[in-house]
Structure formats: C-alpha cells, structure tokens
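We have chain U; now place chain B onto it with these hints.
First to last, the protein sequences are chains U and B.
Just so it is clear: in the first sequence, position 148 is 148 by my numbering, and no numbers are missing.
Just so it is clear: in the second sequence, position 4 is 1004 by my numbering, and no numbers are missing.
Don't read these hints as lab results, they were simulated from the structure.
Glycine included, C-beta positions come from ideal geometry on N, C-alpha and C.
Derived, one-sided and incomplete: chain U residues facing chain B with beta-carbon distance under 7 Å:
#	residue
1	Val46
2	Lys47
3	Ile119
4	Asn143
5	Met178
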Amino acid sequence: MTLKQVQEGIVNSQVWKSIFRVGIPNTNRKRVLAVLGSLILHLHPVKVRRSGVRMSYTWCMGGTSFFLFLVETVTGLLLMFYYRPTIEYAFTDIMDLREQAPFGIMREMHRWGAHAMVIAVWLHMFRVFMTGSYKPPREFNWNVGVILLVLTLLLSFTGYLLPWDQLAIWAITVGSNMARASPGAGTEGPMSSLMKLGDVPLIHAGDDARFALIAGRSIGAATLLRFYVLHCMVIPLAAGFLMAIHFWRVRKDGGISGPL
Amino acid sequence: MTFLKNFINVLSVASISFILLSSVFAMLVYFCLLDGRVKTKGGTGFLVFGAILVVAGLFVRPLLYLAVAYFLVLWALAKIGPRLWEPKVGKWLLIAGLGGFALSMFDPNFYLIAAKPDNVPIVAMIFLLAIFTWIALRKAYLNDHAILAGGIPYEKTESDEKLFTWPDLVYTEMLCMILLTIVMVVWSVGLRAPLEEAANPTSSPNPAKAPWYFLGLQEMLVYFDPWLAGVVLPTLIIVGLMAIPYIDTNPKGNGYYAFRERKWEIGVFLYGFLVLWSFLIITGTFLRGPNWNFFGPYEYWDPNKLEPLVNVDLSELVWVKLMAMPLPKLWVIREAPGILIVLLYFALAPALAARPFRRFYLKMGGPRYYVGAFLFLFMLALPIKMVLRWLFNLKYLVHIQEIFFNI
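Just chain U, same shape as in the assembly:
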C-alpha cells in the first residue's frame, strides 16, 4: 500500500466525509463550498479583495488581536483550574503555578499575550486610521472597535490585580486612585464637596466612584473578587459579543477594507 493509497483511503472514508463534507477543495466549486459549509470559515466571504489578503496592507493586526484573544481565553481557562481569588490563596496559587505545575508557561503566555494584545489592538486601530477605513459606511464599526479597545485595556487592568503581589496591588492602587477625582462623583473630585444635604455630604470615601470600582475604601478581598469576576466573566463576554458585531459589520459594510 503506498502513501497515496493511504491518503485516499482516509479522505474517502465515511468518517472523514462526515466531518469535511466537501473533500479536498481542488475545484472552484469545492473552494466555495468549503467556506460556506464551515461554521468557523463562514465568518469569511467566499471571495475577498486582493488587498484584504495582502499583509503589507492589513498588517494582519485585526486577526492577530482576535487570535491573541483566543490565546488569552485558553490560557486563562487553564489558569482558572489553579487559581482561587481570595487573599489567603491568590498569591500562593500563583507561586504554585510557577514552581509546581508541569510545563508551567501558561501564566507567562497569558501575561505576554495580554501585553501583545494591547499592542496589536493599537496597531490595528493605527492601520484602520491610516487607510481611512473608518469613513462611511464604516463609521459604526470604528466605534465598536474603539469600545473593544477600551475593553482590551480594562481586561488587562483587571487581570493585573489577580497575582496579588506588590506589583499588582500598587499598580491598581495608582490606577484606581484616579476615580477618587471624578468630577461630582469622587471624594476629591471637583464639585463633589458641593453635594450635600444640610451638613451630610453625599459623596464620601464610602460611596464614591472609587468605592464602586474597588468595592471598599482600599484594595482588599472584595476588590480581588470583583476584579476576578470582571476579568473572567463580564468583560470577556461583553468583548465577545462586540467582536461578533465587529466581524459581522466588517462583512456588511463592504468586506475587509479596501478602496470603495
């Protein structure tokens, strides 16, 4: 039996055919069907503009951002098996992960992937701007993209706290202290001191914007849990939903950017 026969045997078997209905896409008709018949591939149209495939035009940064989001999802899920978001365990779980877990590069990959994703999203925005791809009819999708950029930053920000080491709490302390200065909503924000009923201040350290963000007067157990839920559930779900809209609108607004 030659290799060719083995290959044909596999491709013509009932199992293979049940998974990949079209077979090897070696005719134009099969190429069309391969894309149309696959849930993953049908995110794409059957045919794309030449510039949409050209790396020097797209820099592949939108795809890179999405791929890194997937990397973050997978590595993040694996990390969730090891990590408990409580003050007692958070830091020691990370230590365990570092010292004990076999092939322990998931935390590394999660952190570097996060940094890389922020940079990739920026570069994606940069490319979209430089090619004028925010202009009509793509205005709305540019806006969805801006929100996705903000969500990317928030994902990274909430994740920063979880290792519960010095780097984590002080970075989040510095970052969340800003909320204290929200105009009219933070204790040290402009105009906040004007908001009072008689002598009772309405905005104080126990109810201002910073309190809402970190669930307390200082970074503590409640903050850790809050950031964990935001990081693992709320923001990824929101980002996933917006990504679906983003990709859908790329198609509906005329396909991967190119001259209109």
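For chain B alone, kept in the frame of chain U given last:
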C-alpha cells in the same frame, strides 16, 4: 560615548523632548511627504523656531542641546527628503535603531530598565510603532505620487481582483497563527512573568506605577490634577476617537494609504497617537524613577534625587508678583485671571480661528467645526501646560482648592 550619553540624558528632559518630537514630526511630514514645496513656503518657519531655541539655549542649557539636536534632525531630513521612503534607507534606519539599542544595553542603568520583564513588550512596541509608521507613510507617499501623476492609488488598481478565501486568505491566516504561536511559546519559555513578594498594603514601592498602558495618563498627572489627567482627558480620548468618523467629512482616502488628500486628519491623529499617547507612555515607563522624578535613559535611578518644588499658581503671579497685592479672599476674584484665560482658550480661540481656517468651517459646518476644535484644543493643552511649567514654573491656571477645581 560618555558625552553622547550625557547629551541624550539632558536632551530627554520630558517637556523639551516632547516639543522636539512634535516639531520633528511636523518636519518629517514637511520635508519627506510634501516634497516639492519645501524650500519655498514655510521652510523658514522651522529655521525661525530653531533660532528661538538657540537664543533660549543661551540661558537654559538643555534648550541648547535641544537646538543642536533640532538642527541635526532638520539637516538630516532636508538631506534625505523623500528618499526616507526608499526601502534601503528604511532598512538602514532600522539597523541604526536596533544597533543603538543593542549598544545602550551595555549601559548598566539602561539595561536595568529596558530588560525589566514587564518593559520588554514596550521596547518591542517602540520598534513596531516605528516600523509600521514608516510602512504606512511610505505607502501614502507612493500613492500620493501616483495620484499626482494622474493615476490611481495602488490599492485601487487591484480592487476588482477577488481571490478565493480558500486557499489564499485561509493559508495566510494559518501561517500567521503558526508564527504567532511560535513567538508566544518562545517568549513565554524565555522570559518569566514578573512576580514580586506578596501584596503588602503597608509598604508602597517607589515609584508606584500604574500598568504600563496607563503610564501616559500618570505622566499627565505631573501637569494636570487627577480629575483632568485621570478622568476627563481619558474620557475625551475615547469620545474623541469615536467622534473621528463623524467630524472628518473628507470623502477622499477611503480604503487606501494616502497623505496629501488628508494631511490634517493624519497629522492630528499621528500627533495624538504617537506623541501624546505612545511617547508619554515611553516617558512614564523608562524615564520616570523614584518620586516620579525625571531620569535620562542612562541615568542612575537615585531615590534621593531632589527636585525643588518652586511651582506657583497663576493667581500668585498676577496678584502678588505683578500687582504687589495680597491674594484676594474671595476665590471668584482671586482666580478670575485664570478662569478668564481658560474660557477665552476654549470659547474664543475656535471662533477666532474660524476666519483663517474658513476652509474648514465651511466644509465641516458649525457643529462639526466646534466639536473638532474643542477636542483639538484639549490635545494642545498638554504641550501648552508643559511650556508654561518650563518657562514660568506655573502650577495651576485656576486653583480653587475649596472645591478641588484645579486646572
């Protein structure tokens, strides 16, 4: 070598290198993108700016360094001109940048900061930004010339050509994913994620820094109060980004790289993206040490470095220094000069500019023009505050501590 390091250290004093960057960017655009009109119009403006720097440099040493660097860049850009966009020149610039970085890594102070695990991605980002800016502007330059010669941009020549998603797009994506996976695995094996000692709310590190992508905002805290730097300006950045497609009514340059057709939009965006956002992050990451003091790239982060706090408010400058009076008790009167300046800046400046920039006003219409001008004035506020701090040690224009309202 030591001289060069000292030169760079002094030059990198945050505020002035910021001004240099903005003007270098303007020159880049002027000499290398809009070639042909260089020598006739406005080229003298750059020389006048340089002359002002030299005169100021006679009094303040860093400004003299700045002037030298400025003229070097001016000369180099005028010499290179549009040849900057030739791949050969770009390649050598990249090699020079990487070489300079590699050489700098021999400096212990530089190495300590550049090789910090969390800073590694930012080093990569600097090079990526430079490379991609160059690629985008090169393509814009080529398309501009094609359009000037009566042709169409390169992307349009192939816009009717459609390829099958399978195999062309799918394979490209596949290759990208494989490549990225390799990069991520090598990076993760080669560099451990940082982990310091367990959280301790009673001992704060010096300097305490926000996550790196917010360091531009933290850097703005030097010039603005938290309510502006940490709340209002970030909000305006998001709002401003979202407003871009609705303010920019220029129908040209949709879907291809171009510069000449939309030089104002690209100029403003690059100023915001490269100078205001990226450069401030780089400053906050690499050049801000203990007590948020400024350190050159080759300087030792000395926690005992003292910088005199001599900043004064505008109210003090006006009432005490200028009019030799005690500060008025009532804040409305005390802060009247500052409030007036801020109001004039935001209300009158766009109205006054509507005449010389009539073209924009007519093209955009009133509301778009005012929103755009308002956002642009906010973008300019930072360098203006930097210059005021540099020249007059000005702390606040408006300082109403009674309600935490400081500008």
